[in-house]
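**Q** Residues per chain are reported as follows:
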Amino acid sequence: MQAYYLFLQGFLTCLVLASANYAVGSLASTTVASQLLEKCRNNIYFTDLFLGNSLIAAGIDENSFNEERNNDCKAFNAGCGSTKPLEHALILHQATRPMNGILFYGFFDTQLTDKSLINWQSLVGNRTITLKTDLNLALKLSDHTNFINVVQLQILSKIPLFYERLAIWAKVEKARRKAGDIGRNSTETARFGRKEDFQLLEPKNSLAFENELKKLLFNKVKLSKPILDIISQSKIHQNKAVFLVMPMTSAHRTKFNNSDSWNSYLDQITEVLAKQDVRLINCLDWIDDSLFEDHLHLSAQGAKVFSTRLAKYLSPSK
Amino acid sequence: MDWPNPYFKHVMEYLGGERDDQPAMLPISLASPIWGIWWGILLLLVLVFCGQSSKFIYIDF
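In the order they appear, the protein sequences are chains F and A.
Heads up, the first sequence is in numbering that gives the first Met the number 0, so the first residue is 0 and it goes up one at a time.
Heads up, the second sequence is in numbering that gives the first Met the number 0, so the first residue is 0 and it goes up one at a time.
It is worth saying that the hints were derived from the structure and are not from the lab.
It is possible that part of the hints are untrue.
Below, a sample of chain F positions facing chain A; criterion: calculated Cβ distance under 7 Å [to be verified]:
1) Tyr4
2) Thr12
3) Ile167
4) Trp168
Only part of the chain F face toward chain A is listed, based on derived beta-carbon distances under 7 Å [what the hints assert, rightly or not]:
5) Leu7
6) Gln8
7) Ala19
8) Val23
Ideal placement from N, C-alpha and C gives every residue a C-beta, glycine not left out.
Chain A extracted, bound-state conformation:
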């Protein structure tokens, strides 16, 4: 699928770790400590949304 905006795709791939070349207007170099916080947040998001929603889970006790 073609992305409507190649710049957005570039930013997403950079944030996801697929590309190393920094997109223009995104002032976060690979050496920035912000990446540490970013990956921590992504790990937490994975934890939050990895519950087995299809199986019955007690949620009201």
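One chain only, chain F, in its complex shape:
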């Protein structure tokens, strides 16, 4: 075969891939992460901002919070599932800064002190916020970056076909699950997917978690770089910052939050945050188990109850 034909065929292969890349890049504007970033950039008006992962996304009902606070209050829930503090800091950089409002940051377990790591394998789904906003800032806020890592991420950020791969896989996975459920009782699902899946997001076991806590306590608890950035942004824009230990089921609390190590960890976190002029509210046991829809997330009713209780808690007398 003449080289000309081979070249032409190679060119056409590249053309197919480039077209698919363009199509995926255009369609990706409808992903949850893209829509959230669009909202943040569109200068929507709000006084209080809620930031965090799916616990905040599912756990805050803006209307209930607004109603309980007062008429001037307008909350915006910028929680985004399957994200880490690094993405939360980047979302905050995109958001219109509320004047004299409150920045709420919801977390669970050791999220405030976990190392911030990014690599091309982990940046999928909503974590691609890192690639869609400010990669250079993301690299500054992450630990353990090296030259190869940086080059990989710079290249990756230019190829939507690759970094939006989870959006494609999710569609295949949904079809696979549907097919898998044919002829048998379907797996129990809730708003965010299969209920049993969310157990995998908890620590492996209480002993592993206890050891992790002891390690953190031994080295003195230090907030991660993205968390420090979130606090400094709230200070720059003269917002109060309030950190929330998000509600958990009694099973989770018994297994992971019922030890001296956890109490010491929380004490140290409270102290470190207080030095930064940040208030910590421990909401771990605020919500009854019946108001959770899976191992971690509040149901819609649970979100209403939690948001109302939080707003009441923040009333001037408290």
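Given chain F, work out where chain A should sit, using these hints.
**A** For chain A alone, kept in the frame of chain F given last:
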């Protein structure tokens, strides 16, 4: 395993790049530019179906 239809096997092997001799009634020579598009489509199919379905992935956020 014996293929029930040797012609079908021949076509599949030709499309998959294992054989170079063109099957009868398939008017696509090795020099055809269609191969470029075909390989592009195959690469996309690999990408679409290479997700780790056995591991938990967030699909509803």
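**Q** Look at each hint and say if it fits the structure.
**A** Against the structure, the hints:
no.: 1; hint: Tyr4; result: holds (4 Å)
no.: 2; hint: Thr12; result: holds (4 Å)
no.: 3; hint: Ile167; result: holds (6 Å)
no.: 4; hint: Trp168; result: holds (3 Å)
no.: 5; hint: Leu7; result: holds (5 Å)
no.: 6; hint: Gln8; result: holds (4 Å)
no.: 7; hint: Ala19; result: holds (5 Å)
no.: 8; hint: Val23; result: violated (10 Å)
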